[in-house]
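Trainee: Heads up: the sequence lines are chains A and B, in that order. Residue numbering for the first sequence follows full-length UniProt numbering, starting at 1 and increasing by one per position. Residue numbering for the second sequence follows full-length UniProt numbering, starting at 1 and increasing by one per position.
Since the hints were made in silico from the structure, they are not lab data. Ideal Cβ placement from N, Cα and C applies to all residues, glycine included. One or more of the hints may lead you astray.
[What the hints assert, rightly or not] Just some of the chain A residues that point at chain B, by a computed CB distance under 10 Å:
#1 Gly137
#2 Gly152
#3 Asp156
#4 Thr346
#5 Tyr353
#6 Gln355
#7 Met633
#8 Ser653
#9 Val658
Protein chains: 2
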Amino acid sequence: MHNSGKSTIPSMEQRKSQINLLNFMDQEKQRRDSKEFLFPDDNLLHKRRPSAHDHSATQSEDDESAGSFESYMVIEFDKNIKRDALHWIIDKIRMRKSDGGAQLLIRREPCQSKEKGLIIHISASKLRLLELADEIGFTKPTRNGMRNFNIGCLDDFLFDNMTMDDILTPADKQFVIKYALENIKAQADERQLPGYAAVSLYHGQSIIHAAMSEELIVNMFTLHDKEFMKRIGTEWWNLRKMFYNQPIEKIRKYFGDAIGFYFSFVGFYTSALVIPTILGILQFLFGDGETTPYFCCLYVVWMAVFLEIWKRKCSAMAYKWGTLSLATIELPRPDYYGKLGRDPITGKLTPQYPQWKTMTQVYLISVPVILLCIGGAAFMTISQFWFEDYLIEKFGYESYITMIPSIFQSIFVAILTVFYDRFATFLTVKENHRTQNQYERHRVNKLIVLEFVNNFFCLFYIAFVKRDMKMLQNQLMTQMLILQFVQNAQEFLLPKLKQKYVLWFCCDGGIFNKHNDDNEIDTKRLTEVYDDLNIQQLDDDDPRIKQNIRESAKDEYNTYDDYLELYIQFGYVVLFSSVAPFAAFWALFNNFFEIRLDAYKLCKTFRRPFARRAKNTGAWQLAFEVLACLSIMSNCGILYLSPQVREITEGMSTELKVIIIVALEHFLLLLAWIIHKGIPDRPSWVRIALARNDYESKQALKRESVQRTKNIIFRRFKSFHPK
Amino acid sequence: MHNSGKSTIPSMEQRKSQINLLNFMDQEKQRRDSKEFLFPDDNLLHKRRPSAHDHSATQSEDDESAGSFESYMVIEFDKNIKRDALHWIIDKIRMRKSDGGAQLLIRREPCQSKEKGLIIHISASKLRLLELADEIGFTKPTRNGMRNFNIGCLDDFLFDNMTMDDILTPADKQFVIKYALENIKAQADERQLPGYAAVSLYHGQSIIHAAMSEELIVNMFTLHDKEFMKRIGTEWWNLRKMFYNQPIEKIRKYFGDAIGFYFSFVGFYTSALVIPTILGILQFLFGDGETTPYFCCLYVVWMAVFLEIWKRKCSAMAYKWGTLSLATIELPRPDYYGKLGRDPITGKLTPQYPQWKTMTQVYLISVPVILLCIGGAAFMTISQFWFEDYLIEKFGYESYITMIPSIFQSIFVAILTVFYDRFATFLTVKENHRTQNQYERHRVNKLIVLEFVNNFFCLFYIAFVKRDMKMLQNQLMTQMLILQFVQNAQEFLLPKLKQKYVLWFCCDGGIFNKHNDDNEIDTKRLTEVYDDLNIQQLDDDDPRIKQNIRESAKDEYNTYDDYLELYIQFGYVVLFSSVAPFAAFWALFNNFFEIRLDAYKLCKTFRRPFARRAKNTGAWQLAFEVLACLSIMSNCGILYLSPQVREITEGMSTELKVIIIVALEHFLLLLAWIIHKGIPDRPSWVRIALARNDYESKQALKRESVQRTKNIIFRRFKSFHPK
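With the rest of the complex left out, here is chain A:
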């Protein structure tokens, strides 16, 4: 298949005509099935019974492409998986689409340890990748703007010397393969997993999901593309390129939209920080009580404009990346459970969990529990202050003993952060959301609230209860610097250490070398077992085997931690900007390095993440907006308490003073709202492009409908007047 492909594809690239695709299909067919010489591909036209012959045919295709086998996904099975189940799943992966398989190509790694189960690498032919992209409904650029990808109009998507390989980005390919795997669905007559009578399946259930939740598949991930890493590295986290823009386009092509959005956001946020940095310096140099309200206004305008412009940038990028009108009917999460019932949208049998139960869980359990946690954390913070006051009273100001509560509190916060993460996951799992996106959003929302209290409650307490501006300033800057230092160290060093350890453990020293003889016997036995499967093996010296060992030990990356870091930093910058004018400067300074550190970390210390399609920064946009809104209130509060303002308003009645501040606050909220509403969420060129697409598709539909009417009339006429 690939041999013939090789000879055909170059000519395709040159002539780029639809006929070529068909040529390609025909020739492929000729080669594969020489008895049915030049007959149309029955795989496309008719459904064919599955047969043993089919498997070997797929296998033989597989064989011939040995040289150029690209590994798009690695699956590691449990070492104790039953033989029947293993065979069944593997067959499902490589079977023809018409037989309910994913029609993907498979290679297995040579058996090296009895501690590891079967490891397979998955690939697909170029045509199959495009077919899947069509099925998913990607939106891809054409010469005339973005269009829904359609394999029937392949030529439209090939321009400027593009080849068939360039249509899908590396991230797309990974996404497509994952989609194909997850969409292998149980047939109506497959009621349980072979070999596991207890694991019942329903018609249309994702088999891979089922195997994953039964832990028969213990690992599924993608290997890094080392070539790409090297190329992107020089542009991205090379120190000499510090002042250059990040190669966002390349990043999103490799890591997918969600990570593309993250790095684009950090970059944009960091450059936006220049303005509050300048404002902070000006405020430090020339500011006094009288000018503070003006600075407040400027900060608010900056925040509101920054968040709105980011929204615009987001939609512009989403348009260019083809995800703006993203609305796929998602598969349920692997862990989603419920009674089997007809889906109201697709009419298919899927597990149905009543919405009201989820809502009840959210509002009657999660919300009160989270509120309780907040209360607990707040109480701990307050009691720390009491304890501190008590110690100061007892031992005097200078004693080191008075530092105990702070240390205690820091440890407590660190423990809480870990606890919160698990706790939020636990609560959200209980809520049983149907899709991964809903699940993520609810989880992130919980964590945002908890982390807010964790990080900022103590500042609010100092500001508005203790009313000690000096202390607030110190606490804020200390917390901010420590957090940034600790987090950078943690996210950089910890995975590095862990990786070193695992490498030593698995390859160089470690258990395998200890029981070397036992291991050799076992692996031989296993190799025999796996040989039954009739999967071609990778070469023993294939670099991907070692790469796999190294990368499977790495952690999975999640943008959550990085967003959270930015979120807390943004809080430090904006919540008390009137007392800490230098916070923006520190944030700017930190982010400047943080971007490169994150980049390095992502490329070097984590597994290659699964590409996620996204059209914006999701829950985080709202989180930042809420923070911006709170910052207006907190800054007005600070303003009211600040000694300079108190001096100026000396002669006024308290009532008038408060009313002035409240009026200022309402004015700033209104200002933020006007900016929020006044700046359209989408740049006009995006709106025009969308409207044009819409217009053109409607025109096409109209033309088609006219054509259909004509055809009907014409056919009718012919039936009246047969020749």
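Fit chain B to the supplied structure of chain A, relying on the hints for placement.
Mentor: What follows is chain B alone, placed relative to chain A:
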């Protein structure tokens, strides 16, 4: 055409098969063009040259349907219109679609007065109406949910004994005819209006719009359907049906979506008023200073929930009415001007007016001018209070002279209201918005702001500057009752009187009878001129001629005035609910009659309005939301000033008091925001139905794409192996 139609349509209703439609088409063709016996309609298949024969053919169709000519639109030309232009426009209206005409049917009224120009009635064949509906892209119900109307799949839209006539509502038919008329566009070679060398046209300009802005067409409207009026009257504004629901479905079928939404909103709002009425009574009976904050909370919850539920109801109705995904590329307004340029969306030549110019006009002229108006009105109100105080000082409390400023102010407000209306129109015309919708929105927004100041500034002044709660209560109730009384009288009596006068003027007494002889000679001459046009005349005793005279004298209806009335009333109810607990009761009482009065007025004293398609209440939703938001602030302010609350908080410091109130206000704002975000804008069944539609159309697209690929391959195979 209609004769044959009559014999075919009943069988269609019974068998409802697509073949029938084609039968119908075929037979129609047979009848019309006997020489081309049983050949397919070349009008559908080929473009045909325009010819004199064509006109007479259309004319003859017209002749035969004389008995059942339904007048969907009346057009009155200027009496001095040049002959060439008149002929040209009339030909455009009746010419075949393939020749650039609207393919509509025409009758003219007999000439009765030299004061009036030619009056024509416009109709269309049933098939033409459906064709136009397809072109516009209506969404209509089928057995399986809402679908884009497609004349090729007519059967899908006929269920439950529906006939072809039932697919389009009366409002749809009017809309369709208006669309057809407005979409008669100038061809590339038609650079000016015949007879008017000064009136240049551009390719694709709406000819009717051009004639209207040159005032060659002086009137275009639709006659009422008297049968329908009678039927709806018994259900709607009959006094015995006061306690029944309004027949919303019938209303929107006849008057269109926008008016349907208005009456649905009044109805819903009125029933929602029951809750604040009960709250008000409870507050009056059991309320004291301590309970007021709780009542405030309840009012806020009521407001927020009411507005959110209305949004849900809106989207449910919009879904049922097929306007939820309404996004038509609108024609520019008749008065829109600009340089000719390519439209970025459609690629056609249309006038282009740079967006930045409109924005500059809005922000640099309209906004400052409106702010100035607000300042002026505010100053007038304040000076009225000063004047009053001065008079009281001079003449004592009891003197009637102290009433002078109030009277003066009332007159001033009345004058302002008229002035504002014209002024807002003037400003908005200057802004030169492209579409009617944008124009309306900007105009309404201006008026909302101006009317807000006009009606409520004085109350705010009394509440927060004079701080006289007794006076506030009196002023509020007086203003509210007077406004409701005056407005009801005005909107009921004024049009009645005007109508009486016009009827007398035109028909019974009036100018025509004075110069009777002159008139007769002139009309004879005119009749001769119009006979050239070769349009069939209506019978001299056709009731529609008299109906036309009567209705053309009526005013055009605009939902604006009615919405404004509700808006101001809502303001009185919510802005100071803590001091005026009975406002809700009065509003409920008033609206109960208001609904029937509005209905009666709409049916009896106005022209039949043009049906407007809408998916919600537009600018008014936001206006009500802003009012709700303001009411939270004003009520908290009132709370702070109220003597009961002052008593309770006796011992507290002023600072603490203010902070408590501000905290309450923020809590209420947060509560409103949570309700706003927490209640989804669309009921779940609508979301499911939309998702299902989307899913099904995607599935259909996919199937079609597979079919296309198959066809291509099959054709290719055939070309390799010819039989």
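Trainee: Indicate, hint by hint, whether the structure satisfies it.
Mentor: Hints, verified against the model:
1. Gly137: Because about 7 Å separates Gly137 (chain A) from the closest Cβ in chain B, which is inside the 10 Å limit, the hint holds.
2. Gly152: Because about 5 Å separates Gly152 (chain A) from the closest Cβ in chain B, which is inside the 10 Å limit, the hint holds.
3. Asp156: Hint on Asp156 (chain A): violated, closest Cβ of chain B at ~13 Å, above 10 Å.
4. Thr346: holds, 6 Å
5. Tyr353: violated, 14 Å
6. Gln355: Because about 7 Å separates Gln355 (chain A) from the closest Cβ in chain B, which is inside the 10 Å limit, the hint holds.
7. Met633: holds, 7 Å
8. Ser653: At 7 Å from the nearest chain B Cβ, Ser653 (chain A) passes the 10 Å test, so the hint holds.
9. Val658: holds, 4 Å
Hint compliance for this structure: hints 3 and 5 are not met, and every other hint is.
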